[in-house]
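Protein sequences appear in the order of chains A and B.
The opening position of the first sequence corresponds to residue 45 in the working numbering, with each subsequent residue numbered one higher.
The opening position of the second sequence corresponds to residue 42 in the working numbering, with each subsequent residue numbered one higher.
Think of the hints as simulated: they come from the structure by calculation, not from any bench.
Take these hints with a grain of salt, some might be off.
Claimed, not checked - Chain B side only, calculated, beta carbon under 7 Å to chain A, not exhaustive: (1) 59; (2) 82; (3) 108.
From the three backbone atoms N, C-alpha and C, an ideal C-beta is built for every residue, glycine too.
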Amino acid sequence: MAVSVDPIDGTAMKAQFPLLSREVHGKPIVYLDSAATSQKPIAVLDAMDDYYRTINSNVHRGVYMIAEEATNRMEIARALVRDFIGARSSSEIIFTKNATEALNLVAQGWGRANLVAGDVVVLSHMEHHANIVPWHMLVAEIGIELRWIPLDSEGRLDLTELDTLLNGAKVLSVTAMSNVLGTMNPVRTLTDAARKAGAISIIDGCQSVPHSATNVQELGADFVAFSGHKMCGPTGIGVLYGREELLEAMPPFLGGGEMIRDVRLDGFTTNDLPWKFEAGTPPIAEIIGLGAAVEWLNGVGMDNIRAHEIALTEYTISTLHGRFGDRIRIHGPSSPAERGGVFSFDFDGLHPHDISQVLDQHAVCVRAGHHCAKPLMKLLGIGATARASVYVYNDTTDIDALADALDATGAFFTL
Amino acid sequence: MPGLEDLYREIILDHYRNPRNRGELETPPALRVEGFNPLCGDEIVLYLDFDANGGVADIRISGQGCSISQSSASMMSAAVKGKSVAEIDELTRAFKAMMSIHENTLEGAETAEPIDAPDVKLGDLEALRGVVKFPVRIKCATLAWNTLAQGIEEASA
Ligand SMILES: Cc1ncc(COP(=O)(O)O)c(C=O)c1O
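Go ahead and model the full structure; you've got the sequences and the hints to work with.
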């Protein structure tokens with residue numbers, strides 16, 4: 045097998061993440077849960093700290109200097125996000141609390157205004173609950189119909205019936221990458237098919253935007269949702285990208301300050317995009333933190349991050365298979381080019397809770413559970429998996445530590 | 042720092058590897074109740090045969106879960122089989138008291154028996170005492186008991 049070259053030096057990278065220097069149970073931490081949330085580099089922590097220490101004030105309202113500085117800093121962050129995902133205009137970048145809120149914004153905003161009973165929304169079997177439940181809510185409220193793209197045996201979308209599924213559909217909403225299987229989906233093929241069928245397309249970019257270069261125009265998506273905390277930014281900040289025409293035509297989501305142009309006793313008119321969808325005081329420090337995260341990621345280079353993760357994926361799969369053979373089963377596509385660095389696995393027939401409990405004693409942090417994808421778990425015929433996931437700051441030493449801890453886990457439970 | 046031995050006592054691993062009362066009972070006459078742990082996806086199905094007074098004459102368990110939820114279910118089934126409603130109620134309260142009194146103390150330090158815990162012998166179930174030092178696992182241990190309570194309530198309704 046050709047071994048990919050890793051452009052990133054793990055040791056130097058780890059040094060930029062203060063949390064990674066701590067110990068757990070007396071051992072250096074091995075953080076392998078970045079699909080849940082990423083660690084934060086010093087650059088992001090400093091940007092947020094600096095905001096609170098030097099320019100903390102409410103945005104868009106003050107005429108005094110620090111309020112103007114805070115507003116500028118926030119709008120610079122919006123422009124950074126815009127360029128990071130290749131959006132045409134800052135009007136298309138809506139700040140939300142997280143990807144979940146972004147997806148709810150589309151379902152509640154676009155969905156309630158445009159869908160009627162019997163309209164079809166197409167999802168896939170590998171969606172996160174955040175891209176399922178908002179649509180279930182519209183099933184209950186409006187009576188829309190849901191259709192599901194099935195998966196093949198390697199956990200890829202099975203697109204053989206895609207055109208039939210999309211026939212008459214109004215919406216296609218799918219994830220760019222599975223947070224359980226690691227599968228990277230052919231987004232452009234999906235959005236093209238949706239457009240041909242007359243449906244809008246929504247992409248859950250939670251797991252893809254942090255890990256590979258994204259251009260929403262090349263993706264051909266109408267909406268893209270993602271969370272700041274999975275891309276080296278803080279919690280409490282997410283992004284909804286939406287095509288301007290669609291956002292213009294949509295009714296507002298939450299009402300209050302900031303999102304209005306005028307309020308009278310008999311009604312209101314909405315503010316311009318993007319503020320029309322940003323009611324109330326925004327999470328200013330978090331937005332600035334996200335801007336810093338984007339700058340930091342740009343500095344590393346998204347193509348380097350993707351190359352790093354492909355190399356680490358090769359290493360992970362070959363190490364785990366090499367050391368454990370049939371004792372381990374890694375879900376999802378076997379080819380590193382088709383997947384991201386998310387490894388859900390079954391090991392020795394042990395329950396994921398028990399695995400992660402023993403791994404924790406070895407300071408190895410992995411997630412155990414259904415990963416907010418219960419329909420997928422049901423399809424796989426399992427209740428839960430253990431999941432290790434990597435990011436820019438992980439290296440082969442982390443994978444070796446995982447393998448050593450798994451060895452110990454197997455030994456503990458067979459005693 | 043609580044160690045793995047506090048959580049995975051030998052008797053727990055024994056119940057995990059050799060679960061008691063595993064299987065199903067014919068419904069009806071048996072009652073089938075499902076319990077879920079929404080946090081981790083663990084799932085338990087109890088089959089309960091009641092006697093004339095509402096006591097548990099027979100019990101079977103199916104479903105999937107971690108060693109703690111599985112062994113807790115196995116131990117519970119052994120403890121409640123053939124017991125009256127009143128006896129089961131007492132066991133349930135004693136078990137939950139064991140789980141929660143520690144939950145409220147810092148670092149899971151050992152404390153005296155809870156004042157309101159009924160004076161019953163928990164037997165094998167005592168082995169689960171260590172779970173309280175791992176707060177996220179308490180729900181695993183109580184899943185079977187909550188499901189049993191639900192079944193008894195349904196049967197008496
Ligand atoms: C694919 C996917 N979609 C949506 C979400 C929801 O993200 P958040 O909880 O930040 O809103 C996640 C995160 O767990 C995810 O992995």
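To see whether the hints hold, each was checked on the structure:
A cut of 7 Å between beta carbons decides the hint on residue 59 of chain B: the least distance to chain A is about 14 Å, and the hint is violated. Annotation: interface hint on residue 82 of chain B holds; nearest CB of chain A at approximately 4 Å, less than 7 Å. Interface hint at residue 108 of chain B: satisfied, since its Cβ lies 5 Å from the closest Cβ of chain A, which is below the 7 Å cut-off.
Violated hint for the displayed structure: number 1, the only one.
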